[in-house]
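> Protein chains in written order, with the numbering used here: chain F, 1 to 319; chain S, 1 to 303.
In short, the hints are calculated from the structure, not lab data. Warning: the hint list may mix true and false statements.
[Said to hold, decoys possible] On the chain F side, residues computed to face chain S include the following (Cβ under 8 Å):
#1 Ile-71
#2 Pro-173
#3 Val-284
[Claimed, not checked] Distance condition first, Cα-Cα at most 30 Å in a straight line; then the derived DSBU-like pairs of lysine-lysine:
#4 F:Lys-245 / F:Lys-211
#5 S:Lys-19 / F:Lys-211
#6 F:Lys-115 / F:Lys-126
#7 F:Lys-126 / F:Lys-245
#8 S:Lys-19 / F:Lys-207
#9 F:Lys-245 / F:Lys-207
Here a beta-carbon is modelled for each residue, glycine too, at the ideal position from N, C-alpha and C.
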Amino acid sequence: MKAALPASLRTTAAAVVATLVAASLLFLHPAAQGEVPPTAVFWLMLLVLAGAALWTIRRVAAINGTRFDGILTAALFGLWVLYFWQMLVVVFEVPRVLLPAPALIVQSLIDNPGKLWGDFTQTVLKAVCIGWLVGSGLGFAVAVAIDRMPFLQRGLLPLASLTSTVPLVAVAPIAVMWFGFEWPSKAAVVVLMTFFPMLVSTLAGLKSSGKLERELMYSYAASYTRTLWSLRLPSAMPFIFGALKVNATLALIGAIVAEFFGSPTLGLGFRISTEAARMNMSLVWGAIVVAAVTGSLAYALLVQLERRVAFWHPSIRGQ
Amino acid sequence: MATSNKAPTPPLARRMWDKGFPVVVLLFAFLVIWYGAAWGMNNGAAIERVLEPTGNPWTWQDVVATTWNMERPVLPAPHQIAQDFWSGLVDWPLDSPRNLLFHVAVTGETTLVGFVLGTLLGLVLAVLIVHSRTLDRALLPWIVASQTVPVLAIAPIVLVILGSLGMEGLAPKAVIAMYLSFFPVTVAMVQGLRSPQVMETEMMHTYAASRWQALWMLRLPAALPFLFPALRVGIAASLVGAMVAELPTGATAGLGARLLTGSYYGNTLAIWSALVMSALLGLALTTMVAATEHLALRHRRHP
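Based on the sequences and whatever the hints tell you, model everything.
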């Protein structure tokens, strides 16, 4: 059994629950559903609720020591932002074109599963996944290949670092011209965008093993391949995963923006740009939710994978 | 000098040679490959559209020469891009939409305005987050998490919202550039403002320094080395934001719009020139930030 919670924690928990219950009750008020114009009493209640929400967030933020306190505050804050977004948009009758209420966005997600699933397959499963795998794989392979050629490294590394300052996504029109409107052109843009971060990171990672360990391998008369496989690649893992994580976001951005330049009639970028032009904003937001969830999920998966692969590394053990 | 007890540094010319030579060789190899690729990729079109209609017999030299001088090549040869680029710089008056510098000015202005606003926003947010536990716990996780999300996708929405609020021209584009550049600055500055050690903060405490003084004299200077790498990321993101913001508006000015019109009309050379120009703009902006960094941190010891 857990030890009894301290009194201050119990009050905070009670306050959080109470404000949430009050918020749900206020949500059922006809004014919050947009059925009647808001009265002064409604405004007063909303104001009190806002004050109470701020106070509970402060209280929760002050909690120390439990395992989830960091995430808890952020989650509560996000929940309240969503709540007041919903309430204020409905009460002020903000046009849907400007800012749809969260409920409408959820509605559009429920109403268009086929459309959004098609966009998801087109953009994420085809363009992003393939482009990300090929780009990162090529970057890794080239880095390992030129590991023994310092001349090429000295020539390639400055150029590869420079590419981070160049808007590489601008090659999208050329990719469309070469590979057509379908997903290969988007995957090509993604390959180009993900190649250089992986190359630079892997090269840095291969140099990251300690002098002591390298000398130990040398004293074992370990061959180059053996040292690479048993020492240098494992110690490069945090760098490689760092690049994989950066590349996951870059790949999504690349594929979505490349679709702004021309695409078949599906894809997340296509959905966002055409529905925005048609002022169907709740579907645009729906597509963005899909993209955002994909991005965070990919990141979370990579973090988990990194923990499995590089569990021994100090940067992971330290967490 | 810190370096006096190490091996003497070779003269500057020698170091430049050591660093520059591999790069030059690689660039040269790249150029050769490019010419080869231009020949290979334009080969079919060159024979079909240029050489065959003339009816005369042709040699392989003719084919190569033609592939490198096509009007609408699949892959233009480097000298064609250079020519088009140069003509885009000098052949038209500065206010003509055919002049590349006109587009650079538009995109550069958006990028810089957005970058400055984003940096200011990022700095203010970071200072607030460092001083408020509530904001730290409630807001920072969202800002960090947003780094994993393609926030650029919101650009069309921002354009629609600001457009229906009556904002046109520079402002909506600068807002997009701004929100792309503030994330990295905030995250890095929070880290930087927290970087002073316990001893240093306690020392400020024994001096009875106020929060403001501690911020101004200890935290901000300590955060500078964290700030500049974030600024380099931020200005690159800002440039991408500015260019993407030029796409859906039907804008006629800016490098992004130039890319889009080039792809509409199949004008390969215009696309490549705009691409080269945006790369140069990105390099110039980053160099600017790096130069500022060099100026700002020139008195620091380099370990």
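> State for each hint whether it applies.
Hint-by-hint comparison with the structure:
{"no.": "1", "hint": "Ile-71", "result": "holds, 7 Å"}
{"no.": "2", "hint": "Pro-173", "result": "holds, 3 Å"}
{"no.": "3", "hint": "Val-284", "result": "holds, 6 Å"}
{"no.": "4", "hint": "F:Lys-245 / F:Lys-211", "result": "holds, 28 Å"}
{"no.": "5", "hint": "S:Lys-19 / F:Lys-211", "result": "holds, 25 Å"}
{"no.": "6", "hint": "F:Lys-115 / F:Lys-126", "result": "holds, 16 Å"}
{"no.": "7", "hint": "F:Lys-126 / F:Lys-245", "result": "holds, 18 Å"}
{"no.": "8", "hint": "S:Lys-19 / F:Lys-207", "result": "holds, 19 Å"}
{"no.": "9", "hint": "F:Lys-245 / F:Lys-207", "result": "holds, 20 Å"}
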